[in-house]
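Start from chain A and add chain B according to the hints.
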Amino acid sequence: MARMKFFCDAERCIECNGCVTACKNENEVPWGVNRRRVVTIKDGEPGERSLSVACMHCSDAPCAAVCPVDCFYTNDDGIVLHDKDTCIGCGYCFYACPFGAPQFPSDAAFASRGKMDKCTFCAGGPEVTHSSEEFTKYGSNRVAEGKLPLCAEMCATKALLAGDADVLSDIYRKRIVNRGASVMNWGVQFNKAGIDG
Amino acid sequence: MAAENRHNSGRVRKIVLFCVFSLLVVVTVPLIPYAIDAYAVAGKQASVEKVAALEHPAINLWNEVRQRNEKVQGTTQVKGVDTGTLINKAGEDWRQFRVEQLVPYGAWFIGGVFGAIVLFYLFRGTQLMPGGRTGVLIPRFTLNQRTAHWFTAGVFWLLAITGLILLYGRYVLIPVLGAEGFSVTASACKEMHNLFGPLFIVSVLAMFVLYVRHNFFNLGDLKWFAKGGGMFGGHVSAGRFNAGEKTWFWLVIIFGSALCVSGLILVLAALVPGREILSLAHVFHGISAVLLIAVSFGHIYLGTVGVEGTLDSMTTGSVDAAWAKAHHDQWYAEMMNDSDAVEAVDQEQGSGLAEGGVARPEAGS
Numbered sequence: 000m001a002r003m004k005f006f007c008d009a010e011r012c013i014e015c016n017g018c019v020t021a022c023k024n025e026n027e028v029p030w031g032v033n034r035r036r037v038v039t040i041k042d043g044e045p046g047e048r049s050l051s052v053a054c055m056h057c058s059d060a061p062c063a064a065v066c067p068v069d070c071f072y073t074n075d076d077g078i079v080l081h082d083k084d085t086c087i088g089c090g091y092c093f094y095a096c097p098f099g100a101p102q103f104p105s106d107a108a109f110a111s112r113g114k115m116d117k118c119t120f121c122a123g124g125p126e127v128t129h130s131s132e133e134f135t136k137y138g139s140n141r142v143a144e145g146k147l148p149l150c151a152e153m154c155a156t157k158a159l160l161a162g163d164a165d166v167l168s169d170i171y172r173k174r175i176v177n178r179g180a181s182v183m184n185w186g187v188q189f190n191k192a193g194i195d196g
Numbered sequence: 000m001a002a003e004n005r006h007n008s009g010r011v012r013k014i015v016l017f018c019v020f021s022l023l024v025v026v027t028v029p030l031i032p033y034a035i036d037a038y039a040v041a042g043k044q045a046s047v048e049k050v051a052a053l054e055h056p057a058i059n060l061w062n063e064v065r066q067r068n069e070k071v072q073g074t075t076q077v078k079g080v081d082t083g084t085l086i087n088k089a090g091e092d093w094r095q096f097r098v099e100q101l102v103p104y105g106a107w108f109i110g111g112v113f114g115a116i117v118l119f120y121l122f123r124g125t126q127l128m129p130g131g132r133t134g135v136l137i138p139r140f141t142l143n144q145r146t147a148h149w150f151t152a153g154v155f156w157l158l159a160i161t162g163l164i165l166l167y168g169r170y171v172l173i174p175v176l177g178a179e180g181f182s183v184t185a186s187a188c189k190e191m192h193n194l195f196g197p198l199f200i201v202s203v204l205a206m207f208v209l210y211v212r213h214n215f216f217n218l219g220d221l222k223w224f225a226k227g228g229g230m231f232g233g234h235v236s237a238g239r240f241n242a243g244e245k246t247w248f249w250l251v252i253i254f255g256s257a258l259c260v261s262g263l264i265l266v267l268a269a270l271v272p273g274r275e276i277l278s279l280a281h282v283f284h285g286i287s288a289v290l291l292i293a294v295s296f297g298h299i300y301l302g303t304v305g306v307e308g309t310l311d312s313m314t315t316g317s318v319d320a321a322w323a324k325a326h327h328d329q330w331y332a333e334m335m336n337d338s339d340a341v342e343a344v345d346q347e348q349g350s351g352l353a354e355g356g357v358a359r360p361e362a363g364s
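Chain order of the listed sequences is A and B. According to numbering that gives the first Met the number 0, the residues represented by the first sequence are 0 to 196, in order. According to numbering that gives the first Met the number 0, the residues represented by the second sequence are 0 to 364, in order.
One chain only, chain B, in its complex shape:
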């Protein structure tokens, strides 16, 4: 019995082992293709990496052509500016600036300032001299100063108009004159702008030399700015030039110089290497020009219809005492103390001399 039992237990162990083995086979055999596939994929990847390590020498060609990472200068048989560059991206930046910023924003800015001044004039009207003209004249600008001013004004407007025609003519004048007609206009404008442009250098220098003495800012100018220059009524105390006039002077000098330097670069384009400098000069030229043109409207308004009597200072060179007292009280006081400076004019009634005699003690009051 015991032997039979031992024999039986041996058979059972064999059956169990067989079952476990056949189960293993049944489970693993279908997985073999997957294993082979995985092995093959791993092998293929290894071979791919091997080939990738052999880098094609021209792999970065298009990065270099597009100037993506660094500026790559090629060589060429053609002699000229920038001929070794295949693609220069700077031009596209300049195009964006000119077409999408300078043209629309410049128009809005110049038009906006002009519109604001017209509205201001309709609202406020001409600011008259308080008490009317006295007939007492105070010299304000020498003949040299006036000559420099009108020379600058003439050159500035010649350049401003020709420049604006070149900037906006395509949109405004081609529909009116036609392509051929506008071409003649634009060509004339371009030649005038380039030939007379250098005169502006002379005029900016003359303005600086003849006017800088009285245009240094002082503490009193802060008060002038704080009160908005009397724009909202009342008069603000000021010396020979008020803070607004000083600002205009420095705008002319700073942006005028920017116009001169950038303009010279554009006129002497043949000496400039590459297009980047030219397009950058054009950006400075455009911004400075639009700014000065817009602000000059304010200057012209205040010098003519805005404030009565201001224009006299730039035509005859003298201003009426009433004007000086109202707008430049500190300067008025200075001038009245200087007895030689003031002259009285014989007005139609012939009472000017007498009034002039009376006017002087007023300085002390």
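Looking at chain A on its own, in the form it has when it is part of the complex:
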């Protein structure tokens, strides 16, 4: 059984925000809602690295654990989705999520947030696949068309990968080994990387 995951390679991400743009365009996400964002650590200093982050589709999702109306579910591909018809907009998922994935369209008085919105791995929601209701509430359903999330597909440096966790692990492992061959030149601590042979 596949287990869909995102993986962002910090050595490749160039903070172009292409993934953010692709996501907003593909899913027609409203203003103020950002399903994906690029965060740069040590901006402008030595060791600067950028990472693209969205819902990580956790196996043991904190959002699902704290939801008072139990509106989250994990589909057969291991993608964490939620039902906007049952969501009451309490914001508990926002408190619990370590990645800041849950987004709310409003921040009005009396904690009126509106229905929660988050990355769906471009897999739509509980509505009929490819219906207009599904697109309005959850955005695109590329997974049903056999495609991967557009953010990862559009990534220019292939830093952001999406797909089955096993496949992603293999790709990243190969990258690490190839980098290991030239680490002497790069100054990477190859003895700590565990491939000093």
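Keep in mind that the hints were calculated from the coordinates and are not lab data. Quick reminder that beta carbons are idealized off the backbone N, C-alpha and C, glycines included. A portion of the hints provided could be inaccurate.
[As the list claims (entries may be wrong)] Here chain B is said to cover these stretches of chain A; the calculated rule only asks that three of the stretch's residues, wherever they fall, bring their Cβ under 8 Å from a Cβ of chain B:
| no. | region |
| --- | --- |
| 1 | 85-94 |
| 2 | 100-111 |
[Claimed, not checked] Going by beta-carbon spacing under 7 Å, a handful of chain B positions derived as facing chain A:
| no. | residue |
| --- | --- |
| 3 | Ile86 |
| 4 | Asn87 |
| 5 | Gln95 |
| 6 | Arg97 |
| 7 | Ala178 |
| 8 | Glu275 |
| 9 | Leu277 |
| 10 | Thr303 |
[What the hints assert, rightly or not] Pairwise CB distance ranges (calculated):
| no. | chain 1 | residue 1 | chain 2 | residue 2 | range |
| --- | --- | --- | --- | --- | --- |
| 11 | A | Phe134 | B | Thr74 | 30 to 40 Å |
| 12 | B | Thr74 | A | Ser131 | 36 to 46 Å |
| 13 | A | Val176 | B | Gly110 | 49 to 59 Å |
Frame of chain A, contents of chain B only:
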């Protein structure tokens, strides 16, 4: 002979030297590869250390992403609360608290207190007024005090029920109402809780202003606590409020204030920077609410079925003299000395006035 001997001794020395030399060679030659290997290993280690000194600038990246050593704030193009944080561990602490502590322990505590009160009632029954009603009424609470009490009670239960539905509905109500049905209920509860919540601030303030005068603890309260408030039989001497009532008052004020402050933070979430403050406010809100709900069962029990005549003080505002004498003897004595305070009611037999006249001298006895 001597020369031959000298020659012989020279040969022997040569043979001995040869033997020692060849022995040395035989012993040391096989060790040479080991020596070379050792030399090579030492050289390699030296080169490894040389490379290690060239530290990769991003070596601490994942420590920083995981916020292991210090909180590292990143930069991002996305504007919003906490968007520069990649991983925020605080949410997981809050999740543990809510799912593994607040939900189960809260249920056990509220259910346990309720069960204990039911058992106590079955065991003790209603505590009746000794000697029955006298018909002499002593004013206890003004209209303002009673209004503040019932306003607080109303707001408290509206918030308690909506809050409990939000906390336990997932486990209790979804199997009954279904996901969609419970969603409507929960949504209504959330809106009511958020909109009427601020009224509780008004009610806690009103309670404080109108009741604080009689609720300061004194030395006599220690005796009341020592005797368990008469829970195990007998009556304990008390003034206008006994130590239990004073404790309840201060619990309402302290935990009520905690509920108000944390509730305001949660309602004004848009003004709060970061998730840590919100989840901390939620922790205080949950603990205070569970505590007050559980203790309020005791208050309601004693005010209604637990002790006969107590409810009168909050409905009509007056209590029967027999009730006052039994439960608040010091206050009873004070009130009886104040001749204007006491009023007698004309009971069905019309004997109330006469009894009232008789009742007053009793104060001295």
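Results for each hint:
no. : hint                               : verdict
1   : 85-94                              : holds (count 9)
2   : 100-111                            : holds (count 6)
3   : Ile86                              : holds (5 Å)
4   : Asn87                              : holds (5 Å)
5   : Gln95                              : violated (9 Å)
6   : Arg97                              : holds (6 Å)
7   : Ala178                             : holds (5 Å)
8   : Glu275                             : violated (9 Å)
9   : Leu277                             : holds (6 Å)
10  : Thr303                             : violated (31 Å)
11  : A/Phe134 with B/Thr74: 30 to 40 Å  : holds (33 Å)
12  : B/Thr74 with A/Ser131: 36 to 46 Å  : holds (38 Å)
13  : A/Val176 with B/Gly110: 49 to 59 Å : holds (58 Å)
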